[in-house]
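K.L.:
Residue numbers (our numbering), protein chains in the order written: chain X, 12 to 341; chain Z, 12 to 341; chain E, 10 to 360; chain R, 10 to 360.
There's no promise every hint is true.
Listed next, with one range per pair, are the computed distances between beta-carbon atoms [stated by the list, open to error]: (1) E:62 <-> X:330: 30 to 40 Å; (2) R:36 <-> E:14: 56 to 66 Å; (3) Z:294 <-> X:244: 20 to 30 Å; (4) R:345 <-> X:211: 18 to 28 Å.
Quick caveat, the hints were computed from the structure, so don't treat them as lab data. Computed from a prediction, not measured in an experiment: that's the story for all the values here. For every residue, glycine included, the Cβ atom is placed at its ideal position computed from N, Cα and C.
Given next are the chains, with one letter for each unit.
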Amino acid sequence: METRVQYNYGTAIRSAFEYLLEKYPEVFVIGQGLWSPWYVGNTMTDLDKKFGKSRVIDTPVSESACTGTAVGASLAGMKPIVVHPRMDFMLYAMDAIVNQAAKWSHMTGGQGHPGVTIRAIINRGGEQGAQHSQALHSWFAHVPGLRVVMPATVGDARDLLIASVLCEDPVMYIDDRWLYDQTDQLAPIKELDLASLHPQCLGVGSDLTLVSSGFSTRLAVEAREALLKEDISAEVIDLRLLNPLRIELIVQSVMKTGRLLVIDGGWRTCGLAGEIIASTVEKIPVDLLRKPPVRITLPDAPAPTSRVLEKAYYPTKKMIVSKVHELLKC
Amino acid sequence: METRVQYNYGTAIRSAFEYLLEKYPEVFVIGQGLWSPWYVGNTMTDLDKKFGKSRVIDTPVSESACTGTAVGASLAGMKPIVVHPRMDFMLYAMDAIVNQAAKWSHMTGGQGHPGVTIRAIINRGGEQGAQHSQALHSWFAHVPGLRVVMPATVGDARDLLIASVLCEDPVMYIDDRWLYDQTDQLAPIKELDLASLHPQCLGVGSDLTLVSSGFSTRLAVEAREALLKEDISAEVIDLRLLNPLRIELIVQSVMKTGRLLVIDGGWRTCGLAGEIIASTVEKIPVDLLRKPPVRITLPDAPAPTSRVLEKAYYPTKKMIVSKVHELLKC
Amino acid sequence: MGVDNFDLGALADPTKSHDSIKIDGEDPVFLKSQFRQMLTIRLVEEHLAAMRKEGVIGGPVHLGAGQEAVAVGVSTSLRNTDRIFGAHRSHSHVLAMGGSIHGLFAEVLGRETGLSRGMGGSMHLWDQPRGFYGSVPIVAGTVALATGAGLAAKMSGTDDIGVVYFGDGAIEEGVVHESLNLARMLQVPVLFVIENNLFSSHMHISLRQPHDATSRFAAAHDIRFDTVDGNNVVAVKNAAQRLINHSRSGEGPGFLEAVTYRLYGHVDWREDIDVGVRRSTEDLANWRKRDPIKRLFQGMEEAGIFSLDEQNLCEAEIRKDIDEAWAQALRDPYPSPDTLLDRVYTKQVMG
Amino acid sequence: MGVDNFDLGALADPTKSHDSIKIDGEDPVFLKSQFRQMLTIRLVEEHLAAMRKEGVIGGPVHLGAGQEAVAVGVSTSLRNTDRIFGAHRSHSHVLAMGGSIHGLFAEVLGRETGLSRGMGGSMHLWDQPRGFYGSVPIVAGTVALATGAGLAAKMSGTDDIGVVYFGDGAIEEGVVHESLNLARMLQVPVLFVIENNLFSSHMHISLRQPHDATSRFAAAHDIRFDTVDGNNVVAVKNAAQRLINHSRSGEGPGFLEAVTYRLYGHVDWREDIDVGVRRSTEDLANWRKRDPIKRLFQGMEEAGIFSLDEQNLCEAEIRKDIDEAWAQALRDPYPSPDTLLDRVYTKQVMG
Ligand SMILES: Cc1ncc(C[n+]2csc(CCOP(=O)(O)OP(=O)(O)O)c2C)c(N)n1
Ligand SMILES: Cc1ncc(C[n+]2csc(CCOP(=O)(O)OP(=O)(O)O)c2C)c(N)n1
Ligand SMILES: [Mg+2]
Ligand SMILES: [Mg+2]
């Protein structure tokens with residue numbers, strides 16, 4: 012029998028870094044806070060000491076050049092990971108990500124492969140406010156050429172980071188600090204192929220379909236458990252990969268349940284939740300839908316600071332449960 | 012009777028600049044190419060000569076600082092317009108737009124008003140390729156705090172630019188060079204209030220609803236005319252304002268027609284077309300939909316250069332007409 | 010191409026500049042007010058440190074204790090029609106313009122009566138009536154904004170200026186370099202104040218830049234600059250005044266590099282001794298000898314214009330203000346949750 | 010802080026440096042190959058100008074005629090394991106590394122046989138087997154990329170270097186300043202080659218920067234630099250060689266400012282005489298006297314190692330190559346429209 016080891020989401024990420032840095036000399040990590048004990052939680056502790064400061068590089072406050080440097084290194088055969096301790100800071104690095112990394116393969120006729128991994132951390136709450144709380148995954152899902160990964164489970168936190176780094180395309184790996192305390196027993200590492208990754212069903216159900224990714228999946232799983240106690244059976248589908256989006260499993264599920272609720276921790280307009288609804292309804296005969304699909308997202312407002320407003324701002328398990336009640340009414 | 016004057020889309024924009032610069036001393040324009048005869052088509056010809064180079068400012072190649080400077084000037088009571096001759100270049104300016112302009116009102120408790128207008132030109136085709144062709148309006152529609160305007164008609168090109176500049180919020184005004192040759196007779200300028208702007212119906216119909224904005228609206232209008240010849244009656248709704256999005260008119264129309272086709276010149280995943288579909292189906296009893304809604308967008312690929320690929324890349328009137336045929340098939 | 014002054018030398022050496030501030034020729038009344046302002050800022054921040062440690066404050070506070078002479082010295086020449094911008098470490102910038110302690114406290118506590126009406130917390134301050142046009146925690150996020158606010162002043166024909174406080178870390182962001190060039194080309198009246206405290210969070214400047222004098226960039230951009238001991242309020246004041254006069258009289262931007270040190274760590278109450286390089290207990294002890302408040306006190310005491318008793322009295326008065334302001338802020342209401350969407354736009358969407 | 014050399018002076022003066030190139034001590038065979046390369050690039054670009062004017066070429070071409078000495082001089086010290094990046098005006102950068110004329114033509118015409126397989130056109134070139142890692146039209150878009158490619162070489166333990174060609178406009182983008190600092194701090198083997206042609210599209214450098222010597226930024230970032238007459242291939246070659254040796258031997262980045270001028274306007278075949286300031290007919294005539302090809306010819310002719318006949322023969326051979334390559338490219342197939350989605354990702358999504 013395989014021996015399984017206990018991890019939390021944070022240490023699972025760290026173990027992926029360790030695996031990559033040990034096995035692949037082309038891997039290096041660059042970003043702000045990598046020599047600090049606090050910047051990225053417990054996900055990179057002492058990696059600089061173990062692998063040296065020339066492979067785990069802390070940097071000046073220069074998101075644009077650091078990201079571009081990683082893109083360039085990847086074109087030259089390295090497998091760099093650039094770390095942004097907050098996704099908000101990446102707004103300085105959009106050219107490197109969107110104009111360069113995402114386009115290079117296409118523009119060069121498939122000859123250039125910027126296999127860079129961009130680790131973007133969602134780090135919200137704690138009264139940090141509008142510039143320190145953003146979850147911009149929908150933006151990156153909009154950009155062809157990027158792969159976007161959003162692990163919800165401890166296992167995916169580790170294995171999808173490895174798959175991202177080994178992938179020859181530019182990958183946005185988006186983790187959420189609200190997940191770091193989740194624990195699980197993990198089997199030994201298997202290298203996965205990102206191009207053949209599917210969404211996963213984290214709980215079978217027949218009354219309705221819940222779709223989500225990242226931290227929202229945790230809420231969905233918790234809501235499913237609460238609903239089970241009321242004899243409501245929700246199917247939970249965790250997206251994992253937002254770009255290219257694979258919708259088949261969701262379509263199948265909604266064909267079965269006839270009801271769809273999408274939960275997303277990003278903004279509503281032109282966001283992921285709307286995309287899931289649109290992609291699903293496009294593919295389903297209208298008479299199989301029992302109710303109009305519904306989404307729970309952030310309200311279309313920047314993140315507030317004051318704790319009372321933060322409480323009103325973020326989706327909760329309770330909101331999901333009560334939306335499900337509405338959806339199942341008559 | 013009002014006297015009407017002949018404009019094309021390009022000269023209509025220029026007349027808006029002229030009106031604003033003449034009437035409002037707080038208005039100034041800053042951006043690349045403003046002293047050039049070719050950068051921005053015919054939309055700003057000789058404004059620098061008429062109003063002086065200190066109010067019509069050509070700049071170094073520094074999109075980030077120029078945009079931030081306009082944001083700061085607007086906080087201090089000016090009504091600046093920053094011009095980006097290609098939307099692609101704005102990827103360097105995302106911090107100023109998304110972290111700053113979009114958030115300032117909220118973060119300061121409604122005290123700071125960055126009433127800046129950011130004119131972003133979609134300037135594609137002509138074998139210019141992936142970094143010179145982007146239409147990122149869906150991104151900006153995703154960001155609360157920004158207003159996003161996309162004029163499709165000659166009248167809107169003029170009047171919505173004026174409304175954008177007079178608005179106290181940050182506005183992305185997005186025009187498309189493929190529209191510049193459209194002509195119309197315009198009545199004298201009336202100052203509109205962006206906050207009370209609605210989508211407009213550009214052609215009543217009963218068989219299906221076409222929704223679009225910007226250049227896609229031109230395609231939709233042309234397709235409507237072609238369809239009329241086959242006795243197919245399409246309702247065309249032009250969005251005008253993408254953020255905050257106002258969906259009521261579309262919902263009403265689809266309640267009537269039961270069929271929805273959205274056309275958008277941006278990418279598909281997490282884009283505007285999907286949002287329109289999601290927002291509409293959420294609000295409509297499922298049994299009123301006769302067919303699953305459909306969208307026509309760019310394929311999820313960067314813009315190619317080679318002319319044969321360009322031809323395959325961009326939506327056309329023909330594609331709309333044939334999609335409509337499918338939608339109406341039994 | 011020879012450039013001779015890329016390094017701060019003694020200005021960055023914590024064993025230097027422990028001497029009392031030379032106050033010859035300065036007005037005693039004025040000096041006492043500078044002292045009082047600096048002490049107020051210090052005590053306010055110490056209070057915030059304690060309350061954050063206790064958990065009463067829910068969000069991060071970036072304390073500038075040790076750096077008070079910069080904002081106080083610069084603000085001497087500012088007025089409330091100027092347009093001043095800060096960053097994540099901006100309590101001093103607001104208070105030095107006469108900002109309300111209660112307004113700051115209420116904001117840090119997320120109350121409706123706060124400077125930003127409870128929508129900003131410590132990292133997003135707004136006090137426009139006093140000339141403070143806002144601070145935000147995106148590093149370098151306000152540098153171009155201040156340039157624009159200065160440009161606006163120029164275009165309106167006033168002699169007001171833009172001001173932005175930023176750090177030795179912020180100058181590593183490309184937008185700062187773009188802003189310096191743009192400000193210079195448009196001859197914008199804006200003062201770039203760099204509080205060079207030698208650190209960007211855990212990273213000493215030697216880990217981030219090949220030289221520690223950031224004014225080398227002002228030189229490269231042809232912007233008039235000065236470099237001063239940022240823990241000497243008189244020196245800061247005089248240099249700022251010269252640069253501000255230069256901008257007010259239409260001669261374009263200025264750049265003031267004030268070398269200083271923060272006595273707390275990067276965020277909250279800790280000292281960050283264990284973090285990064287060159288932030289040793291010894292260094293910190295030395296920088297404490299260079300405390301801008303202590304050194305001004307010594308200078309005034311030696312000149313016979315101020316005494317320990319006066320200082321104690323002053324301190325007691327400030328503490329009373331702080332206690333009252335804090336107590337009031339704790340009683341103040343939070344914003345109502347149903348206002349969450351009210352300020353996303355200036356006007357709500359209308360029918 | 011004194012900096013004494015912020016301005017290009019005579020190097021930017023079109024009435025100066027009309028003299029023939031001094032070739033003392035240079036190998037004649039080598040010089041002739043430099044000449045041939047420059048002439049090839051010139052004739053290729055003149056052909057492109059004509060074909061663009063005729064409408065045979067569908068997309069924009071940014072011609073660097075007049076600037077050939079830069080790429081040719083620099084490439085002398087490069088090898089195909091280096092990692093070279095360009096921008097919108099990069100025909101010369103590819104050709105100087107031995108890139109195929111036919112590959113370039115086919116690319117400009119959008120054919121499958123092009124350097125980028127018809128997916129890039131003139132503004133997106135790729136020739137990795139010859140060390141060319143790509144060019145793109147986003148101004149300054151490749152500067153950080155080249156830094157990364159240089160870093161990769163260093164990490165792999167080779168003495169290959171990164172190289173990036175960019176312009177006096179590009180240096181106004183913040184990312185360039187960030188890259189200079191990062192390259193310096195990580196001691197990256199990368200050569201920043203700035204082709205200072207005094208213009209960014211219609212804007213003369215005096216409208217955009219307070220000084221015209223961009224190497225002042227290299228100085229501020231503590232990067233070794235040199236400034237040369239970019240129309241003198243020998244001077245470029247020697248300066249580049251020194252800086253490249255410095256990088257190859259592990260001493261970090263270098264910065265080469267080559268002052269030059271483009272004989273065409275910003276884009277396509279026009280001369281842009283009417284546009285902007287300081288691009289007068291007179292200036293252009295003077296810069297033609299400073300033509301890098303003409304001046305090398307003169308130098309070689311005066312030294313008795315080259316003649317008009319030899320030049321004519323050389324030109325005829327090149328023209329033949331060009332005609333053949335063009336004819337072939339016109340016959341080559343376009344990419345098939347159903348490959349539109351094939352290269353968005355390296356692998357297609359699988360079942
Ligand atoms: C764009 C961005 N990058 C990184 C950070 C994280 N960060 C917050 S403060 C800080 C240090 C900035 O140093 P400096 O500008 O010297 O200011 P100081 O903290 O010394 O006052 C950093 C890196 C951020 N807030 N924004
Ligand atoms: C980010 C961005 N901003 C603006 C442009 C428009 N543009 C194209 S080339 C150019 C001039 C660049 O000048 P320089 O770097 O000196 O290169 P040169 O054209 O002189 O070779 C500009 C502004 C662009 N392509 N990308
Ligand atoms: Mg600092
Ligand atoms: Mg140039």
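K.L.:
Next, verify each hint and record whether it holds.
P.N.:
Going down the list of hints, with the structure as the test:
1. E:62 <-> X:330: 30 to 40 Å: 34 Å, holds
2. R:36 <-> E:14: 56 to 66 Å: Because 44 Å falls outside the window, the suggested range is violated.
3. Z:294 <-> X:244: 20 to 30 Å: 27 Å, holds
4. R:345 <-> X:211: 18 to 28 Å: Violated, since residue 345 of chain R and residue 211 of chain X (Cβ atoms, about 36 Å apart) do not stay within the stated range.
Violated hints, in rising order: 2 and 4; the structure is consistent with all others.
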